[in-house]
Amino acid sequence: MLLIRPFSLSRWWAIVLKEFLQLKRDKVTFAMMIVLPIIQLALFGFAINTDPKYLPTAIISGDKSEFTRTLISSMQTSQYFKIDTRYTTPAQAQEALKKGEILFILTIPTDFTRQLLRGQKPSLLFEADATDPVTVSTALSAMQGITSQVATKDLRGPLAHLSIQKEPFDIRVHRLYNPNGINQYNIIPGLMGTIMTMTLTMMTALAITRERERGTMENLLATPARPLEIMTGKIIPYVFIGLIQATIILLASYFVFHVPFNGSIGLAYGVALLFIAVNLTIGITISSLAQNMLQALQLTIFFFLPSILLSGFMFPFSGMPRWAQHVGELLPLTYFNRLIRGIVLKDNNLAMLWPNIWPLLIIGIVMMTLAVRFYKKTLD
Amino acid sequence: MRITYIQVNLWKYLLDANDFAINVTGLNKYFGDKHVVKDLSLQVGHGEIVGFLGPNGSGKTTAIRMMCGLLTPDSGEGTCLGYDIVTQSDAIKREVGYMTQRFSYWEDLSIRENLDFVARVYELANRNNVVDEALRSLGLTSRSSQLAKSLSGGWKQRLALAACMLRHPKLLLLDEPTAGVDPSARRDFWEELHELANKGVSVLISTHYMDEAERCHKLAYLSYGTLLAQGSAKEIIERQALYTYEVTGDRLMEISKILEHNGAIEQTVIFGSTLHVSGKDPSDIETALKEYPFKPIPTSLEDVFIHLMKTSTDNYGDADVTH
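Quick note, the sequences are listed as chains E and X, same order.
So the first sequence is numbered by my numbering: it starts at 1 and just counts up by one.
So the second sequence is numbered by my numbering: it starts at 1 and just counts up by one.
Wrong hints could be hidden among the right ones.
Said to hold, decoys possible - Think about it this way: if two alpha-carbon atoms lie no more than 30 Å apart in a straight line, the pair counts; the simulated DSSO-like pairs of lysine-lysine are:
| id | chain 1 | residue 1 | chain 2 | residue 2 |
| --- | --- | --- | --- | --- |
| 1 | X | Lys149 | E | Lys27 |
| 2 | E | Lys27 | E | Lys53 |
| 3 | X | Lys149 | E | Lys376 |
| 4 | E | Lys82 | E | Lys98 |
For the record, the hints were derived by calculation from the structure and aren't laboratory data.
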């Protein structure tokens, strides 16, 4: 009976054109969408370091022997420790640790070398400010390496019996895909999804609430445009923005951060396009749920936080408890991180990527259905 | 598909022929526990201009929104151009021209882009010609690339009306289209409305201006959600059976204060240098007025509306009802 077609290309195109024009006029938003990836790249790529070096360390030594000198110089050459010579008494060092001026105190007992030579297995006290476990963990493991190295190097000849026994077998470690353990290799491709999640979800979350706040929603609702036309029409311009962002990050990744690009560029853009679409449907769902722009922003942040924390971008996915992994599996960023790292670093093919592609398709379809369902066709 | 379309059109044509452009009965709308529109029944005939009057917050906008499918009535039924207002709002949206009270076109689009959007979204044939023609008749051809936000209030209203008229709807729902528009532009606007009505376009227009009310074929007066009067201006005036006298002189304010306490006098309103005194019984009023220079005058629409407004506030004292 109704003469309204369920989907009209002409009406849809009217919405798309309108959104493009409005985005073009909104110079601040446009600039933000392009500048934000660059700022984030600079921050994550250059400023953030999960493997900190030159951590301030005090040494309280009652024993100045050949052996302790070797130990201290090995610590310095490891680059993890910077010896602060201002603190010489235990009390001074403890206070400095408390104030955060230093992060480590190495205490060498007075008769350390003598006891060592007697085979009495003396102890070194190594105190760390472990309030931030990430900061000290690599330095602590480096310290273990240093002591065993010093022990084997200096305890030779007649002292060899004091040295560490060799294990009966060897472990050969191959660091694949990132032989030098360069942090950027992991961070930069992961950053692509994070940036797109944040900007794209936020922009589309505002798309419908903006119309509502400006009072133009009444007009839009009074036109014959259908919910699906409005929603898909509104996200099209942001697909292009997303692809521009992806291009910026891929170029910077290759030319600025020298992350190797081992996989197929076509596949990279393919999964990026899918991921962009999924994020936009989430944004538009938020937009049809929220009453105003502030609520839309709050909901976006509510979605964004778990995305960066539980997706395996910042912290290893396999290290999380089961429940957190399940939450992570609901987030598109989790799949995209695996996909983009798989393509960029490991040259995965489509068949290998498929297990992480279909969940994205499902999330996208579910979200679009929810968005259309929550979209209010009246002002009630 | 094509055949159904023709059949439906034929059916609609038959409906239109012996029906009203708007015919709603018993419409009710609540916002929370506020009863905003109470049992509204309203008919608008083809080619008729019906003025929708009433104080601010009387439910005019809500009623208009229910008629064009933007709000769902809590109860009641009705048709707009033969389409059911509850189940066929999609068809109503396509056929009816609705102009919102507040300018609701896109301020960050240019004048032409706004019209172009409307033309596209309503899938109009000859889109460019239609838009060009609208710009020409608006007199905005040279400013067509200006952003809508740079227009003054009056021009915005005219743009909104032009956008609304772009597809030549058979029914116009206009929510205070002339608010903030200068008198000469208002006169042009009303001339155009009457021309449209002559061509068979039906109009429901809400307004606060009395001169505009007098230009309507029929009036409907809404107060606190209740339709208090419906009919032509003459009918409404007659039905109130008010006798009005004009008092001249100085100290009108004082006279007005004194007369207010007189039981025979229902209302006193100062119109510039004269005082309008109305009541139900002419001889009682004349007795009350004997100290002042007075003469009987015909009761005007404005006197009637002020009377309606006063009595309705008394009857429905819940003055906190807003939109």
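Original post:
Hint by hint, which ones does the structure fall short of?
Top reply: Of the numbered hints, just 2 does not hold.
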